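> Sequence order for the protein chains is A and B. Under the working numbering, think of the first position of the first sequence as 1, with each following residue one higher. Under the working numbering, think of the first position of the second sequence as 151, with each following residue one higher.
No false leads were mixed into what you were given.
Residues from chain A that face chain B, not an exhaustive set, calculated with beta carbons under 8 Å: (1) T94; (2) V100; (3) T104.
Hints are computed from structural coordinates only; laboratory data are not their basis. A quick note: this is a predicted structure, and the numbers were derived from the prediction, not measured. All residues carry an ideal CB built from backbone N, CA and C; glycine is no exception.
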Amino acid sequence: VVCYLLCGLHIFIMLENSPSPLPERAIYGFVLFLGSQFGFFLYCLWAFVPEDWLHSIGLSYWPQKYWALAMPIYLLVAITVCFILLFGVNMSNTAPLDSVDNITDVYAQGQSTESSRNGGIPRLKDVSISEVNKMFYLSPSIAESTARRN
Amino acid sequence: MEDEAFTDISGKPISLDCQTHSSFCREFIISSPKVSMGKVMAYTCSVWLLAYAVFFFTQNTAVLSGAILVTLIGMMLHIHFVKVDHESLLVIGSLGIQVSSSYASGREITTFIEMSKIKDIVINEAIYMHQIIYYLCVLLKDPSEPDAVSSVVPLFQSSKPRLNCLVKVYKSCQEILSKCQ
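Use the sequences and the hints to build the structure in full.
Listed below in structure tokens is the structure:
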């Protein structure tokens, strides 16, 4: 019975996705850290060692040294442009003021209109904009409180 | 006739004029501030000084005449196509609504929407550039499908009044629409 419970508990933990630290994740992180530091050391080695020495060892088909400077600069400029581009993409994806997407959408139109049972909790549904407006601006008590808030 | 101090979403003063022509006909006119002479002078002087500086270095007189043409044509296009003098909404119960905007040069653009196509006039909130604004809009419906909103016509797009002005217009419109739709 205890084994069965432990097995169930282990499966339960594995099925749950949580961002908490785990031993496996610590190992992956450390391996990535070591790998990236080593990769940077190799990159600096390639950038600083003169071409003749590399040719004499036998490594002749490497990129021009121009790229040792150009690649980081390209990367930084690309990141900056991405920031600006992201802002622009967000603004262009925003629905304009005359679009129906500001009022309703497929899910709100397709919701069921059945009424709740007597005494039951009403179903969660999207209230139409006309009703919301009447409640905010035409009913006197709420209209006063929204006017005070504004 | 009423005239109170309202502002648009950026804080510039606008004026709202509500006229009740009859029990089922009302007109709302929102006027933006006129083109200010100070701004016109400032723009013209800066463009001409810039052109003179360029002429000083390049000694090319075409720059000067080009600057004069640019300012003249720019001002004409601005007052004819861009600068809105006032926008009006005329609601006639059981007939329809008429939306018109007139520009500073005198040009008027008018649209009439008949009552059978109008579902409602509501105040909606939407994202506009970097902020969320309230705007008044007409919900249009397809006569074959009376429950669905087919399209949206935003009103007062150039003057963009704030919520206090919109609520006034909304309440007034709803009085007519609820009686005579």
